[in-house]
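Top to bottom, those sequences are chains L and B.
Each residue of the first sequence is one higher than the one before, starting from 1 at the first, in this note's numbering.
Each residue of the second sequence is one higher than the one before, starting from 1 at the first, in this note's numbering.
The hints are simulated quantities; they were obtained by calculation from the structure and are not laboratory data.
Among the hints, erroneous ones may be present.
[Stated by the list, open to error] In silico SDA-like pairs for lysine to any residue, Cα to Cα no more than 20 Å straight-line:
hint: 1; chain 1: B; residue 1: K260; chain 2: L; residue 2: A147
hint: 2; chain 1: L; residue 1: K94; chain 2: L; residue 2: A147
hint: 3; chain 1: L; residue 1: K254; chain 2: L; residue 2: L198
hint: 4; chain 1: B; residue 1: K260; chain 2: L; residue 2: A200
hint: 5; chain 1: B; residue 1: K260; chain 2: L; residue 2: E118
hint: 6; chain 1: B; residue 1: K260; chain 2: L; residue 2: E207
hint: 7; chain 1: B; residue 1: K260; chain 2: L; residue 2: A297
hint: 8; chain 1: B; residue 1: K260; chain 2: L; residue 2: Q262
hint: 9; chain 1: B; residue 1: K260; chain 2: L; residue 2: G266
hint: 10; chain 1: B; residue 1: K260; chain 2: L; residue 2: H126
hint: 11; chain 1: B; residue 1: K260; chain 2: L; residue 2: A65
hint: 12; chain 1: L; residue 1: K94; chain 2: L; residue 2: H126
hint: 13; chain 1: B; residue 1: K260; chain 2: L; residue 2: E78
hint: 14; chain 1: B; residue 1: K260; chain 2: L; residue 2: I257
hint: 15; chain 1: L; residue 1: K128; chain 2: L; residue 2: A147
hint: 16; chain 1: B; residue 1: K260; chain 2: L; residue 2: E39
hint: 17; chain 1: B; residue 1: K260; chain 2: L; residue 2: A258
hint: 18; chain 1: B; residue 1: K260; chain 2: L; residue 2: K128
hint: 19; chain 1: B; residue 1: K260; chain 2: L; residue 2: R218
hint: 20; chain 1: L; residue 1: K94; chain 2: L; residue 2: E118
hint: 21; chain 1: B; residue 1: K260; chain 2: L; residue 2: D216
hint: 22; chain 1: B; residue 1: K260; chain 2: L; residue 2: G242
hint: 23; chain 1: B; residue 1: K260; chain 2: L; residue 2: L263
hint: 24; chain 1: B; residue 1: K260; chain 2: L; residue 2: P291
hint: 25; chain 1: L; residue 1: K94; chain 2: L; residue 2: E207
hint: 26; chain 1: L; residue 1: K94; chain 2: L; residue 2: L198
hint: 27; chain 1: L; residue 1: K128; chain 2: L; residue 2: G194
hint: 28; chain 1: L; residue 1: K254; chain 2: B; residue 2: N196
hint: 29; chain 1: B; residue 1: K260; chain 2: L; residue 2: R292
hint: 30; chain 1: L; residue 1: K254; chain 2: B; residue 2: A217
hint: 31; chain 1: L; residue 1: K254; chain 2: L; residue 2: G194
hint: 32; chain 1: B; residue 1: K260; chain 2: L; residue 2: D145
hint: 33; chain 1: L; residue 1: K254; chain 2: L; residue 2: P291
hint: 34; chain 1: B; residue 1: K260; chain 2: L; residue 2: G313
hint: 35; chain 1: L; residue 1: K94; chain 2: L; residue 2: E78
hint: 36; chain 1: B; residue 1: K260; chain 2: L; residue 2: T265
hint: 37; chain 1: B; residue 1: K260; chain 2: L; residue 2: L198
[Said to hold, decoys possible] Using C-beta positions, here's what the derived DEER-type ranges look like:
hint: 38; chain 1: L; residue 1: A297; chain 2: B; residue 2: T3; range: 48 to 56 Å
hint: 39; chain 1: B; residue 1: A69; chain 2: L; residue 2: L284; range: 55 to 63 Å
hint: 40; chain 1: L; residue 1: E201; chain 2: B; residue 2: P18; range: 34 to 42 Å
Quick caveat: nothing in here was measured; it's all calculated off a predicted structure.
C-beta atoms are modelled at their ideal positions from N, C-alpha and C, and glycine is treated no differently.
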Amino acid sequence: MTEGEPLLEVRNLRVEFRADGAPPARAVDGLSFSMAEGEGLALLGESGSGKTATALAVAGLLPAAARITGSVRLGGRELLGLSDREMRRLRGSKIGFVFQEPSSALNPVLPVGEQVAEAVRLHGRHPKLARHNALDALRGAGFPDAAARFGAYPHELSGGLRQRACIAMAVVNRPQLLIADEPTSALDVSVQAGILDLFAELRTGFEIALLLITHDLRMAARAAGRGLVLYAGRAAECARMGALLERPLHPYTKALIAALPQLGTGRGRLGGIPGSVPSAGEILPGCRFAPRCPAAAEVCRQEAPQMAEVLPGHWVACWQIGKVEAPSGLPEVRL
Amino acid sequence: MATAPLLLVRDLTVEYRPGGFLAGGEPFRAADGVSFAIDRGRTLALVGESGSGKSTVGRALVGLAPIAAGSVLFDGSELAGIDQAARRRLARRMGVLFQDPYGSLNPRMTAGEAVWEAPVAAGLPDWPERRRELAGELLARVGLGPDALARYPHEFSGGQRQRIALARALAMGPEFLVLDEPTSALDVSMAAQILNLLGDLQRERALAYLLIGHDLALVEKAADRIAVMYAGQIVEEGEAAVILGRPRHPYTRLLLDAAKGGRARIAPAELRRAQELPGCRFAPRCPAGDSGCLERAPQLVETSPGHAVRCPRFG
Chain L
1 MTEGEPLLEV RNLRVEFRAD GAPPARAVDG LSFSMAEGEG LALLGESGSG KTATALAVAG
61 LLPAAARITG SVRLGGRELL GLSDREMRRL RGSKIGFVFQ EPSSALNPVL PVGEQVAEAV
121 RLHGRHPKLA RHNALDALRG AGFPDAAARF GAYPHELSGG LRQRACIAMA VVNRPQLLIA
181 DEPTSALDVS VQAGILDLFA ELRTGFEIAL LLITHDLRMA ARAAGRGLVL YAGRAAECAR
241 MGALLERPLH PYTKALIAAL PQLGTGRGRL GGIPGSVPSA GEILPGCRFA PRCPAAAEVC
301 RQEAPQMAEV LPGHWVACWQ IGKVEAPSGL PEVRL
Chain B
1 MATAPLLLVR DLTVEYRPGG FLAGGEPFRA ADGVSFAIDR GRTLALVGES GSGKSTVGRA
61 LVGLAPIAAG SVLFDGSELA GIDQAARRRL ARRMGVLFQD PYGSLNPRMT AGEAVWEAPV
121 AAGLPDWPER RRELAGELLA RVGLGPDALA RYPHEFSGGQ RQRIALARAL AMGPEFLVLD
181 EPTSALDVSM AAQILNLLGD LQRERALAYL LIGHDLALVE KAADRIAVMY AGQIVEEGEA
241 AVILGRPRHP YTRLLLDAAK GGRARIAPAE LRRAQELPGC RFAPRCPAGD SGCLERAPQL
301 VETSPGHAVR CPRFG
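Let the hints inform the model, and build the full structure from the sequences given.
What follows is the structure, given as C-alpha cells:
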C-alpha cells in the first residue's frame, strides 16, 4: 500500500436483491466513501438506509442472491469478485466483524476463551500462541479476570461481557478493519458507553480502523471521528461527528438529531420525522428523502442531488443547500 | 386529601421457584418489597439495568407473573390472590405493550383481526357489527391507513407493528398501560413517533402509564415520576425532575453519568448474588460505600417530601 492511499475505498457500490418475479430491490445505490488507517467512520441511518447491506458487502457476508457492483478495495486490493475461500481468510485476519447480538455470535457449548483461541488457530500468524493471544485479547477487550473467566461459557456472562468476548475474537488477529453492526443496541445504556470506549481504545492503541453501523448519532460520536448519513441506500451527508451533531446541514440529519432524546431538556415531545424510509423496491426519480422533507421543492422531486463539499470536509447531497451560492464563492450555508 | 391513586402497589414481591432438576431449591426474588403509586393520566417510569426486576414488576401488575406477597390495588380492587374471572374483568381496564411488537402479534392474523380479537373474546356488546369500523378508527388513531386492516404483521415495519399492538391494547378501553421498553427495538425516528403518540393518547384518554426502560434520556421525555430499581428493590423514587436533577442514590448518579456520556464505569453487576448480601445490595459496586454499608440493610426513607432513597447513608 502506498503512502496516502486509503485503507478502505468503496466506489459506486450497488447492492440489489432479486426475488423471483419481483422487481429488484436496491438496498445500496451508488455509494462511495473511503477510510484512512486507524480511522473511525460511522454509517448512520434508520432501518432500510442500506447501512447494514454496505457493511456486509465490505465483509463479503451478503447472501449469494445479492447482486453487488462497484468496487471495494482494502489496502489497494479489490475485494469484490474474490472467492468465498479468499474472503474467509481475509475476514479472519484483515477484517474483523462484530454483530449486534453477542449471544447468537458465540457458540453456546464452548468456553469463550476457547472460541477466541480458535480464531488464532484458524487465521493467526502463530497458532501455537493461540491461548496466550486469546488471553491478551480478552484482557485488551476489558474482560475483568480474563484468566479466571477464560473457561466461562457464554450463558455465564452478562450481555456486556459476551459482547466484549466477541470483540476479543474479532480483533485477536489484529485486523486492519473492524466492522461493528449495531454492537450496542442489545445492551443497557450503562454498558454501551464502555463498549464504545473500547472501540476508541482499539483504534488509538492498535490502529484498528472502525466501521461502526448505528442509528444513534450520539453513541457514534463516542467511537468514530467521522459520520456518513445514509438514506434509502444513498449518501445524504458526511462530516466530522462534531459537525454532524452541532451543525447538521441535511434536513434528514437534522430530523435524526431532533428525534434523539437529550437529557436535561425535561418532559415533552420529541422532534419526529413523519413517515418512514421507502422500501428498497420503490425507485423515486428525485431525492429519496423528498416525500418526508419539510424543505422539499419541485427540483427535489425530479432530480437526485449529488454529494457536494459545502464546507471543508463537510459533504451534503441536498438541492436546498448546494443551490445557495454565496457571492464570495464559498457556498452560503444556513446553520 | 387528594383523590386515591389509580394504582397503589405495596410491598409487591414476585418469586420464581426453580423448576426441573433444581426443583425445591431456594426461590429467586425478582421483585422484593416494591411500593409505588400511579395517578390517572400520569406516568411512572421504572428504570434499571437488565435483571433489576423492572419488567417483572410490570408483568406482575397485568397478571403475567405470580404475586408472592404484597398488595396491588387497582382503582380500589385488590389484584393479589384474586380468581381468574375477577382478574379477567379487571384485565379489560389494564393493557400492556411489549418491546418486540413482532413477538406479540399473531403472524396469521391481520391487523384488523388483531385489534378486534380481544374485545370479541371478552364478549363486549355491539362489537360484532361494528368490528371493522371500530378497528379502522383505532388503527387510524395510531397513524395507520384503512389498508392496514387486511394486512398481516410481516407486511409492516417495526414501528408500524408497534402501532398495531398499541391499537389492540386500546381496543378494550383501558385506563392503565404497562409499557415495557416500547421503543427499544425501534430506530430513533420511529421511537420518537411512538413516544409522541403515547403522550397524545395519554392526554386524550387520561391513561396512566408504567413505563419500563433503561434509557434515562428517553424516560425524561415521558415520565412524571421515576423509580430506580436495583436487584429487585426500588433504591430511589421521586419527581422526574428531582431524580434527574438532584439524584441522591449513588446508583442513580452512576446511571445518570453513563447516560450523559460520562467516563465513569459501572462495574459489571452480579445481581443474583447481590440479593444474598446482608447489607446494602449495591455496596459492592458503590463508589461511596464503606464497610458499614455491607452490614446494614437500608430501608427506603423519605429524605424530602415525595423523594425517597434507599441508602445506608440516609437513615
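Range agreement (Cβ of L284 of chain L with Cβ of A69 of chain B, hint 55 to 63 Å)
Holds, since A69 of chain B and L284 of chain L (Cβ atoms, about 59 Å apart) stay within the stated range.
Do the beta carbons of A297 of chain L and T3 of chain B sit within 48 to 56 Å of each other?
The hinted range 48 to 56 Å holds for A297 of chain L and T3 of chain B, with Cβ atoms some 53 Å apart.
Is the straight-line distance between the alpha-carbon of K260 of chain B and that of D216 of chain L 20 Å or less?
14 Å, holds
Can you confirm whether the C-alpha distance between K260 of chain B and A147 of chain L stays at or below 20 Å?
33 Å, violated
Is the hinted pair K260 of chain B and K128 of chain L satisfied, with a Cα-Cα distance of at most 20 Å?
44 Å, violated
Given hint E118 of chain L paired with K94 of chain L - CA-CA distance at most 20 Å
Status holds; Cα separation ~16 Å.
Just to be careful, I want the Cα atoms of K260 of chain B and A65 of chain L compared with a cutoff of 20 Å; is the pair within it?
It is violated: about 43 Å lies between the C-alpha atoms, which goes past 20 Å.
Assess, step by step, whether the Cα of K260 of chain B is no farther than 20 Å from the Cα of I257 of chain L, and give holds or violated.
The given pair, whose Cα atoms are some 16 Å apart, holds under the 20 Å limit.
Satisfaction of hint between P291 of chain L and K260 of chain B, Cα-Cα up to 20 Å:
34 Å, violated
Keeping to a limit of 20 Å between CA atoms, is the pair of K254 of chain L and A217 of chain B held or broken?
Cα-Cα ~18 Å, so holds.
Would the hint linking K260 of chain B and G242 of chain L be met if the CA-CA limit is 20 Å?
16 Å, holds
K260 of chain B and Q262 of chain L: Cα distance at most 20 Å?
Measuring from Cα to Cα gives roughly 9 Å; hence the hint holds.
Violation of the numbered hints given earlier is confined to hints 1, 2, 3, 5, 6, 7, 10, 11, 13, 16, 18, 24, 27, 29, 31, 32, 34; the remaining hints are satisfied by the structure.
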